[in-house]
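J.: All chains should be modelled from the sequences, with the hints used to inform the complete structure.
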Amino acid sequence: MNNKSFLTLHGGIYLLFALALFFIPDLIWPMYGVELNDQYAYFLSQHTSIFLGGIAAISLMLRDIEQKVVAKKLLIALVITNVLGVIITIYAGVKGIFVGFGWSDPAFFTLLSILSFLQLKKQSS
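Every position in the sequence shown, counted from 1, becomes a number in my numbering once 1 is added.
It is worth saying that the hints were derived from the structure and are not from the lab.
Be careful, since some hints might not be right.
[Said to hold, decoys possible] Taking CB as the label site, the calculated pair distances span: (1) ILE91 <-> ASN38: 21 to 27 Å; (2) PHE118 <-> ASN38: 34 to 40 Å; (3) ASN38 <-> ALA78: 32 to 38 Å; (4) ASN38 <-> ILE77: 34 to 40 Å; (5) LYS69 <-> GLY34: 39 to 45 Å; (6) LYS123 <-> LEU28: 19 to 25 Å; (7) GLY34 <-> ALA78: 17 to 23 Å; (8) LYS69 <-> TYR41: 18 to 24 Å; (9) LEU112 <-> LYS5: 34 to 40 Å.
In this text, all values refer to a predicted model and were calculated from it rather than measured experimentally.
Beta carbons: idealized from backbone N, C-alpha and C, even for Gly.
T.: Below, the structure written as C-alpha cells:
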C-alpha cells in the first residue's frame, strides 16, 4: 500500500472514532463496559476526541508526503501512538475497565501497529 492510501485509511479510522466519541459517547462507551455517569465523564470522552481527531488530521493532511525522511518520522510516530494504544487498552481489559466489546480496542490498536510498522518498513525499500 502506498503512503497516500495508508494515511487515508489510518486517518479515516481515527476520524471515525473521534466523531463517535464526541457526538455519541453515551452509545459507544457502554459497548466497552464503561459507564458515563456524570458530565465530567461525558466531557472526558469529548476531550479524548481532540487527540483522536488530531491524529486523524495529521494523517489526512500529510497523506501526500513523498520525502522519505519525513514520511519515515511520521510513520514512526504512528507506530509509537498505536503501540501505546495496545498497552493502555490491554491494561484497561486486565483491570476490568473494558468488558464486552472492550476486547476490540487492543485488537484494533494491534492491527494499526502492525500496519504502521509494515508501512514504515516500506520506507526503507
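J.: Hints first: check each against the structure and report whether it holds.
T.: Hints and how they fare:
1. ILE91 <-> ASN38: 21 to 27 Å: holds, 24 Å
2. PHE118 <-> ASN38: 34 to 40 Å: holds, 38 Å
3. ASN38 <-> ALA78: 32 to 38 Å: Because 34 Å falls inside the window, the suggested range holds.
4. ASN38 <-> ILE77: 34 to 40 Å: Given range 34 to 40 Å: holds, Cβ gap about 38 Å.
5. LYS69 <-> GLY34: 39 to 45 Å: Because 43 Å falls inside the window, the suggested range holds.
6. LYS123 <-> LEU28: 19 to 25 Å: violated, 37 Å
7. GLY34 <-> ALA78: 17 to 23 Å: For ALA78 against GLY34, whose Cβ atoms are near 30 Å apart, the range 17 to 23 Å is violated.
8. LYS69 <-> TYR41: 18 to 24 Å: The hinted range 18 to 24 Å is violated for LYS69 and TYR41, with Cβ atoms some 44 Å apart.
9. LEU112 <-> LYS5: 34 to 40 Å: violated, 20 Å
Going through the hint list in order, the structure does not satisfy hints 6, 7, 8, 9.
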